[in-house]
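**Student:** Residue numbers (the working numbering), protein chains in the order written: chain A, 18 to 226; chain B, 8 to 184.
By construction, these hints were calculated from the structure, which means they are not laboratory data.
From the three backbone atoms N, C-alpha and C, an ideal C-beta is built for every residue, glycine too.
A portion of the hints provided could be inaccurate.
To be verified - Here are a few chain A residues that face chain B, going by a calculated C-beta distance under 10 Å: (1) 121; (2) 149; (3) 161.
Said to hold, decoys possible - Only some residues are given here: those of chain A computed to face chain B with a beta carbon under 8 Å: (4) 145; (5) 151; (6) 154; (7) 156; (8) 158; (9) 213; (10) 216; (11) 221.
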Amino acid sequence: MSDKKNTLAPLANEGLPPEERGFFCDAAPREYAPAQGVLEDFYNWARSQSLWVLGFGTGCGAIELRPLMTSRFDMYRYGIQPRPTPRQSSVFVIGGYASVKTLKRIVRSYEQMMGPKFVVALGSCTINGGMYWDSYNTIKRIDQYIPVDVYIAGCMPRPEALLSGFLELKRIIREGAAEGQNEYARNFDWYKANQKNVIKDWNMPDYNW
Amino acid sequence: MNTTASALAERYGARNWHDQRPDLASVVLDPSRLRDALAWLRDFGGYKHLSFATAIDNIERNAFTLTYTLRNHEKGHSLIVHCDIDRGHPVMESIHLLWEQAWTYQREMREWFGIDFPGSPRVDEEFVLEGWEGPPMMRRDFDSLEYSNAIYAERPGRETRDPASYMKEKLYPEVAG
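Build the full structure now, drawing on both the sequences and the hints.
**Tutor:** Written as structure tokens, this is what we have:
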């Protein structure tokens, strides 16, 4: 922990035992400053052509990701491919309902992803709770906890709908309008308060970087 | 099975033996004699396997009904042992010394129903919930909707319809109208 970091935005990391606090990041995320003019357009084009999906099926809707890898739907032709770790991924697909227990892993994985990163939320459950509207342990809208760039409605959406959602995401990225990551940095305190409001046993760093 | 039934009744005061299927029966026991009866069933009755244990919230008669399912693999017969305990003071003797896997079921019942099993290994640890602060959620007086509304943010604009009447309205408007 350098003094510089502490003066920038020190996070308390109160969920960790005192002896472990120094091992983890104590700085809040920062907004991404875009490159100038055409260069940023070029970056956005490149980003949209290479979407690496985190292979973390967070709910039942993740089953619809599998057909995308097969020859019938073949997401690779759009430059979309799954990756095994958050560090290598740029797209997080929230696969339907998220229980509080899963939400904790979602937050952790999302924060571990390197920028630029985007979130696609599929299924009714991510939008308004879907069939889990009265569940004691399932959150009703994911955008209270992490920013969402594209929703794909349905219970559950077919692979064609997912492809269409990915194409929409690519369009948004090319336009430079996929601001989820910056939104998260801007409203970090609000997101963190929401997350801690439902995740009662917060035993990880405040920002899992 | 009748020999088992009569032996159980004679030794442990078991009642209400009920043959649900040729390979499945149930019986009711008192909590104070349950552990001994289960030990007897395991050692002398041939029911060597505890295949399941759970609880039922019978709130109407202020009782948790503990349910132990035993299996006699030699005869291909299952026996469900029911046992009512007081809902206001839900404590039950642990059977993890009879069947080691019982502590998992007991831990589950502790978390979901709030039934305590003193001495059972790790019984107070979290089972499937993490950081749960509400009341035991499988109790029938726990209102899931109320809890959900209080804790989880809702997106406005959601409409809920009764499926039966809505389908009728859509498919047969002349009848519904």
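**Student:** A separate judgement is required for each hint: does it hold in the structure or not?
**Tutor:** Right, here's what the structure says about each hint:
Given the 10 Å rule on beta carbons, the hint for residue 121 of chain A holds: about 7 Å separates it from the nearest Cβ of chain B. At about 8 Å, the closest approach between the beta carbon of residue 149 of chain A and any beta carbon in chain B falls short of 10 Å, and the interface hint on this residue holds. Because the beta carbon of residue 161 of chain A sits about 5 Å from the nearest beta carbon in chain B, less than 10 Å, this interface hint is met. For residue 145 of chain A, the interface hint holds, since its Cβ comes within 8 Å of a Cβ in chain B; the closest pair sits about 4 Å apart.
Checking residue 151 of chain A against chain B by beta carbon gives a least distance of about 4 Å; that is within 8 Å, so the hint holds. Annotation: interface hint on residue 154 of chain A holds; nearest CB of chain B at approximately 7 Å, less than 8 Å. The beta carbon of residue 156 of chain A comes within 5 Å of a beta carbon in chain B, closer than 8 Å, and the hint placing it at the interface holds. For residue 158 of chain A, the interface hint holds, since its Cβ comes within 8 Å of a Cβ in chain B; the closest pair sits about 5 Å apart.
Checking residue 213 of chain A against chain B: minimum C-beta separation of about 10 Å lies over 8 Å; hint violated. Annotation: residue 216 of chain A was flagged as interfacial toward chain B, and the flag holds, the nearest CB pair being 7 Å apart, inside 8 Å. A least Cβ separation of about 12 Å between residue 221 of chain A and chain B goes past the 8 Å threshold, and the interface hint is therefore violated.
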